[in-house]
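Enquirer: Residue-level listing of the chains:
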Amino acid sequence: MAARGVVVIGAGQGGLDTVAALRAKGYGGPVTLVGEEPVAPYQRPPLSKGFLTGATRHDELTLRTESFFSAQDITLVCGDRAERVEPDVQRVRLASGGTLRYDKLVLATGSRPRTLPVPGMDLSGVLTLRTLADAEALRGLLSGPPRQVVVLGAGFVGLETAATVRGLGHDVTVVEAQRRVLARALTPQLSEWLAGRHRSQGVRLLLGAEVTALHGTPAGEVAGVQLLDGRRLPADLVIVGVGALPETRLATEAGLLVGDGVIVDQWLRTDDRSVYAIGDCARFPSARQGRHIRLESVQNASDQARCVAAAICGESVPYTAVPWFWSEQYALRLQMAGLTAGHDETVTVGDPDGARFSVLCFRAGRLTGAESVGRPADHAIARRLLSSGTGPSPAEARAPGFDLKSFVTRPSSPAPAHA
Amino acid sequence: MAKITYLHPNGTATVVDVQAPNTVMRGAKLNNIDGIEAQCGGSAQCGTCHVYVDEQSTVPLPSMDSVEDDVLYGTACPRRENSRLSCQLPVTEELDGLVVHLPEAQS
Numbered sequence: 009m010a011a012r013g014v015v016v017i018g019a020g021q022g023g024l025d026t027v028a029a030l031r032a033k034g035y036g037g038p039v040t041l042v043g044e045e046p047v048a049p050y051q052r053p054p055l056s057k058g059f060l061t062g063a064t065r066h067d068e069l070t071l072r073t074e075s076f077f078s079a080q081d082i083t084l085v086c087g088d089r090a091e092r093v094e095p096d097v098q099r100v101r102l103a104s105g106g107t108l109r110y111d112k113l114v115l116a117t118g119s120r121p122r123t124l125p126v127p128g129m130d131l132s133g134v135l136t137l138r139t140l141a142d143a144e145a146l147r148g149l150l151s152g153p154p155r156q157v158v159v160l161g162a163g164f165v166g167l168e169t170a171a172t173v174r175g176l177g178h179d180v181t182v183v184e185a186q187r188r189v190l191a192r193a194l195t196p197q198l199s200e201w202l203a204g205r206h207r208s209q210g211v212r213l214l215l216g217a218e219v220t221a222l223h224g225t226p227a228g229e230v231a232g233v234q235l236l237d238g239r240r241l242p243a244d245l246v247i248v249g250v251g252a253l254p255e256t257r258l259a260t261e262a263g264l265l266v267g268d269g270v271i272v273d274q275w276l277r278t279d280d281r282s283v284y285a286i287g288d289c290a291r292f293p294s295a296r297q298g299r300h301i302r303l304e305s306v307q308n309a310s311d312q313a314r315c316v317a318a319a320i321c322g323e324s325v326p327y328t329a330v331p332w333f334w335s336e337q338y339a340l341r342l343q344m345a346g347l348t349a350g351h352d353e354t355v356t357v358g359d360p361d362g363a364r365f366s367v368l369c370f371r372a373g374r375l376t377g378a379e380s381v382g383r384p385a386d387h388a389i390a391r392r393l394l395s396s397g398t399g400p401s402p403a404e405a406r407a408p409g410f411d412l413k414s415f416v417t418r419p420s421s422p423a424p425a426h427a
Numbered sequence: 220m221a222k223i224t225y226l227h228p229n230g231t232a233t234v235v236d237v238q239a240p241n242t243v244m245r246g247a248k249l250n251n252i253d254g255i256e257a258q259c260g261g262s263a264q265c266g267t268c269h270v271y272v273d274e275q276s277t278v279p280l281p282s283m284d285s286v287e288d289d290v291l292y293g294t295a296c297p298r299r300e301n302s303r304l305s306c307q308l309p310v311t312e313e314l315d316g317l318v319v320h321l322p323e324a325q326s
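First to last, the protein sequences are chains A and B. So for the first sequence, my numbering puts the first residue at 9; every next one is plus one. So for the second sequence, my numbering puts the first residue at 220; every next one is plus one.
If you are wondering where the hints come from, they were derived from the structure by calculation, not from laboratory data. Among these hints, one or two may not hold up.
Below 16 Å or equal to it, Euclidean Cα-Cα: the simulated EDC-like pairs (lysine to aspartate or glutamate) are [as the list claims (entries may be wrong)]:
| # | chain 1 | residue 1 | chain 2 | residue 2 |
| --- | --- | --- | --- | --- |
| 1 | A | 33 | B | 253 |
| 2 | A | 57 | A | 74 |
| 3 | B | 222 | B | 315 |
| 4 | A | 33 | A | 323 |
| 5 | A | 33 | A | 81 |
| 6 | B | 222 | B | 287 |
| 7 | B | 222 | B | 312 |
| 8 | A | 413 | B | 288 |
| 9 | A | 33 | B | 284 |
| 10 | B | 222 | B | 273 |
| 11 | A | 413 | B | 312 |
| 12 | A | 57 | A | 130 |
All values derive from a computational prediction rather than experimental measurement.
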């Protein structure tokens, strides 16, 4: 029987990079990429930034041209939905009625925005932001006269959107249930500093505030946000950025092991040896964290894509990439290397008042992560140090005049300095 | 428009015409040239669009700003005198004839 090849479900960054890496590695069987959205794979990060202001056009978001798919003999199926995976017969059923057989299946289904279980979420003027269509809708609403915008959630999507919307001249309030912004992703030091920057730009930040309902007009348009403490915030546009949930429906219905993400091993295989899962939807074992984690980032999707393509081509290597993230808010460049959860010590280097500094995080005396604002070299070097398991001790980092550039370029450097 | 040559580590060359306002990075992506990842999409965040400008090249390039200089501290392959981030090289007529070498790895 002819090879059935590889089917990849999900045409985001992870899905696209998987099919590209398969061909780059010389995989010769059929390759099919299935995406639910009606457009070719595109970059999501600008959707909360330049795309909303009009600085970035749709064609600049497109990751690959049509000719890429034909030249690489990759079948791209856009605007169709994988309805069911049948692992016993290695087949995917599509909403359009078609079926795809596979030797290997990669689930790169991503995540979807969480919503809040409060009344009024279905009012007109209440939006989430994940897809190009979401961003186009939001951009349309932001192009008119100034609005009263309430952003629910101070995560990356919420804060980036708040910064962009504020920059467009709208009135912006951010409501966050946690006591600090980006509580899951950042150290308290950086949370505090970043909150100050938003406030100085005229954004109202309401922390530790719980939303109980959205109020609407008789015409069904959102009019306000009700908080548990009794406050009612007027709003004619509500942007919901309260996190994302992994898209695991297909895996669950196929009987695969699922628990806040599709559970995979260090080679990104599910408990069915013909099925892999990568990116936002996958929960994988992190040697650094000593537990299974799930990450929502371009880096994670892209690096896992290359890892899974290698595995399918018979070059299995465990997934051990150092996680990193970036964010742009106002003119600030935020870059995070490693994972800072579980740190027991931090050292701040640089100049927080001048918006050029890094928070280095340590656990038991070892560097585990770095958060940088306006210090790209610190971020770049921290990624390399974390990857090689080296780095300064907290005492070294605390020495007057310390910086990572001189640390890696000093003559006795243990680090892979190549600057 | 500019003719740009991308030299792969195995010695093969791909020559393509790249239109403004694309960058040398985007020129590679649009023309299906392997060896440039550009995970951050071209915002000088990630250092995975690293190239070595051919040492014989006399094509005038924009000078390097401090962000690009900083990001080049973290490239997967060693930084050299002729290292650049291809996302920071906007294509103009002046870039016609540019030759860049792709590194062995980007991440």
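Enquirer: Determine for every hint whether it applies to the structure shown.
Expert: Hint-by-hint comparison with the structure:
1. 33(A) with 253(B): holds (10 Å)
2. 57(A) with 74(A): Violated, because 25 Å separates the two Cα atoms, which is more than 16 Å.
3. 222(B) with 315(B): Answer holds: residue 222(B) to residue 315(B) is near 5 Å, not above 16 Å.
4. 33(A) with 323(A): holds (10 Å)
5. 33(A) with 81(A): Holds, because 14 Å separates the two Cα atoms, which is no more than 16 Å.
6. 222(B) with 287(B): It is violated: about 24 Å lies between the C-alpha atoms, which goes past 16 Å.
7. 222(B) with 312(B): holds (9 Å)
8. 413(A) with 288(B): holds (12 Å)
9. 33(A) with 284(B): violated (35 Å)
10. 222(B) with 273(B): holds (14 Å)
11. 413(A) with 312(B): Violated: residue 413(A) and residue 312(B) sit about 36 Å apart, past 16 Å.
12. 57(A) with 130(A): violated (25 Å)
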